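Participant: Each chain, letter by letter, is given below.
2 protein chains.
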Amino acid sequence: MSLLTVGSVAFDAIETPFGKTDKIIGGAGTYIALSSSYFTNDQKIVSVVGEDFPNETLEDLKARGIDIDGIQIKEGEKTFFWSGKYHNDMNSRDTLVTELNVLGDFDPIIPESYQGVDYLMLGNLAPSVQRQVIERLNERPKLIAMDTMNFWMDIAWDDLMQTIKMVDVLIINDEEARQLSKEYSLVKAAKVIMDMGPKYLIIKKGEHGALLFNTNGNVFFAPALPLEEVFDPTGAGDTFAGGFVGYLAKTDDISFDNMKRAVVTGSAMASFCVEKFGTERLQNLSQGEIYNRIMEFVDLAQFDIKKELV
Amino acid sequence: MSLLTVGSVAFDAIETPFGKTDKIIGGAGTYIALSSSYFTNDQKIVSVVGEDFPNETLEDLKARGIDIDGIQIKEGEKTFFWSGKYHNDMNSRDTLVTELNVLGDFDPIIPESYQGVDYLMLGNLAPSVQRQVIERLNERPKLIAMDTMNFWMDIAWDDLMQTIKMVDVLIINDEEARQLSKEYSLVKAAKVIMDMGPKYLIIKKGEHGALLFNTNGNVFFAPALPLEEVFDPTGAGDTFAGGFVGYLAKTDDISFDNMKRAVVTGSAMASFCVEKFGTERLQNLSQGEIYNRIMEFVDLAQFDIKKELV
Numbered sequence: 013m014s015l016l017t018v019g020s021v022a023f024d025a026i027e028t029p030f031g032k033t034d035k036i037i038g039g040a041g042t043y044i045a046l047s048s049s050y051f052t053n054d055q056k057i058v059s060v061v062g063e064d065f066p067n068e069t070l071e072d073l074k075a076r077g078i079d080i081d082g083i084q085i086k087e088g089e090k091t092f093f094w095s096g097k098y099h100n101d102m103n104s105r106d107t108l109v110t111e112l113n114v115l116g117d118f119d120p121i122i123p124e125s126y127q128g129v130d131y132l133m134l135g136n137l138a139p140s141v142q143r144q145v146i147e148r149l150n151e152r153p154k155l156i157a158m159d160t161m162n163f164w165m166d167i168a169w170d171d172l173m174q175t176i177k178m179v180d181v182l183i184i185n186d187e188e189a190r191q192l193s194k195e196y197s198l199v200k201a202a203k204v205i206m207d208m209g210p211k212y213l214i215i216k217k218g219e220h221g222a223l224l225f226n227t228n229g230n231v232f233f234a235p236a237l238p239l240e241e242v243f244d245p246t247g248a249g250d251t252f253a254g255g256f257v258g259y260l261a262k263t264d265d266i267s268f269d270n271m272k273r274a275v276v277t278g279s280a281m282a283s284f285c286v287e288k289f290g291t292e293r294l295q296n297l298s299q300g301e302i303y304n305r306i307m308e309f310v311d312l313a314q315f316d317i318k319k320e321l322v
Numbered sequence: 013m014s015l016l017t018v019g020s021v022a023f024d025a026i027e028t029p030f031g032k033t034d035k036i037i038g039g040a041g042t043y044i045a046l047s048s049s050y051f052t053n054d055q056k057i058v059s060v061v062g063e064d065f066p067n068e069t070l071e072d073l074k075a076r077g078i079d080i081d082g083i084q085i086k087e088g089e090k091t092f093f094w095s096g097k098y099h100n101d102m103n104s105r106d107t108l109v110t111e112l113n114v115l116g117d118f119d120p121i122i123p124e125s126y127q128g129v130d131y132l133m134l135g136n137l138a139p140s141v142q143r144q145v146i147e148r149l150n151e152r153p154k155l156i157a158m159d160t161m162n163f164w165m166d167i168a169w170d171d172l173m174q175t176i177k178m179v180d181v182l183i184i185n186d187e188e189a190r191q192l193s194k195e196y197s198l199v200k201a202a203k204v205i206m207d208m209g210p211k212y213l214i215i216k217k218g219e220h221g222a223l224l225f226n227t228n229g230n231v232f233f234a235p236a237l238p239l240e241e242v243f244d245p246t247g248a249g250d251t252f253a254g255g256f257v258g259y260l261a262k263t264d265d266i267s268f269d270n271m272k273r274a275v276v277t278g279s280a281m282a283s284f285c286v287e288k289f290g291t292e293r294l295q296n297l298s299q300g301e302i303y304n305r306i307m308e309f310v311d312l313a314q315f316d317i318k319k320e321l322v
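Protein sequence lines correspond, in order, to chains C and S. Sequential numbering from 13 applies to the first sequence in our numbering. Sequential numbering from 13 applies to the second sequence in our numbering.
Just chain C, same shape as in the assembly (with noise of 0.2 Å):
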């Protein structure tokens, strides 16, 4: 099925405790559509850059099967650019630089070959933006998953109620998920979201998994991976988010259980990002490694307790 991704294509410098980077290439589109790329040939993105984006990148995304007619280039700007510096935990972070550049006035132009998309994944971005997207769809899409952060929360809370209204899955992390309920239990939290619209909610807590709900009561945990090292988280929620809805574009299945078998690609998929420094992980991955990875999340978190047992 095909898959409209809407997002940030960016430049990024980051620094770990593990070294720093150079302007390298970023942005939560650009990981959203290099992870859903393993799972969909028919991937769309919207998008903007200004003129100093190295075009060999937007070739490269188009080599991954990814429809980049939706991606503006506007001459005599820059490309937005972010910059950041992770603590020696790897859980928190630093803002050092942001330039919004050509996202300051994005305006998301949809282009008539992507009418009819099956999937949408709304990337971080004002939620005014990200429900532009929705309004010029003629038809609404099978599934609108949206991504969202503190920021939009605490500039644009009538824009993001609106927005997340029209949505059927929320993907957030722990701490924005209390902010957005203003609970600090994750169960009440959930409840308190749903309320807002989303059917689905997905909070992910980094290290420690991610769960997933829905308005029936049901929910799922998936872990994370237990990893030696996090050489740099940078994507890695956004990554999730492509091996989700890229699974799901795969499958063509929205029943809960297919959702659990999503949320867990999409775990494995972050595993692979913060192998290495941005994107550089996902760009040379092979349809073996990631079914290995998965399996090692089968083994990581199956148990077969039977009745008689207990």
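Rather than coming from a laboratory, the hints here were simulated on the basis of the structure. These numbers were taken from a predicted model, which means no experiment stands behind them. Here a beta-carbon is modelled for each residue, glycine too, at the ideal position from N, C-alpha and C. Please note that a few of the clues may not be correct.
Using 25 Å as the maximum straight-line C-alpha spacing, the simulated PhoX-like pairs for lysine-lysine come out as follows [stated by the list, open to error]:
| # | chain 1 | residue 1 | chain 2 | residue 2 |
| --- | --- | --- | --- | --- |
| 1 | S | Lys194 | C | Lys217 |
| 2 | C | Lys203 | C | Lys177 |
| 3 | S | Lys35 | S | Lys86 |
| 4 | S | Lys200 | C | Lys97 |
| 5 | C | Lys194 | S | Lys288 |
| 6 | C | Lys288 | S | Lys200 |
Covered stretches of chain S, as calculated for chain C (at least 3 residues, CB under 8 Å) [unchecked claim]:
| # | stretch |
| --- | --- |
| 7 | 19-29 |
| 8 | 86-95 |
| 9 | 110-121 |
| 10 | 141-155 |
With chain C's structure known, arrange chain S on it following the hints.
Facilitator: For chain S alone, coordinates are given in the frame of chain C:
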């Protein structure tokens, strides 16, 4: 199979955001024994109390099939007392009072009838006392599991190293694993700790679940049940240990697959413990409630992913 539990039988006074108790029954040995009593009828306990300890509590343990001949009652002395206050997030607490009393010079006497026990659970105590218990058993049990805490790492490192070397399973929390190994990554920490002697390591992560490692490189992760409310976390770790070792004693199978089930069982028991103050919830569980709770863990963690779906 028979199980010997060694640990404090004590008084606690607890304050959480939900309320405050007077002196209630607590102690690692109490929580472990109550929890494992749901799985084995052949349990013995070694501990010490003062003359202020209520006889009816001892009789209650006895009524649960626990052999209390190994609980020394010290005339003219007072029972161990701990008082603590939990912060709003329930993940951290301040100790308000610690009165060692009878625990100060605890000499763990093993009744002759306890000899030949199959499973041994060493609750958190001075590592020298834990070691004495092992040394006073004529035959080494099939499996020795041990809990400890930061405090002993700070003041009795050499003793702790000696005792850890003698046990099969070490059960500690993530913070303790990091302090013990001097590694932040739990995967690295696990390797360092298993090099100290234990063939199995359980790292409890509270609301984030528990990891089981063995020296063959196997890893298993059991989630914690997402709860609306954690009423009082006191004793949850001991209750986990009791469920874990009780399940092993019941099934008499120390394969990795069965240890996985034991970890899930421990997690289920811990999820009951936190629902009420102190040991209250552990006093009146039915086998049906326990079975249903374990099935909630199955629903929470299980997924079915097949090669053709990846």
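Participant: Provide an ascending list of the numbers of those earlier hints which the structure does not satisfy.
Facilitator: 7, 8, 9 and 10
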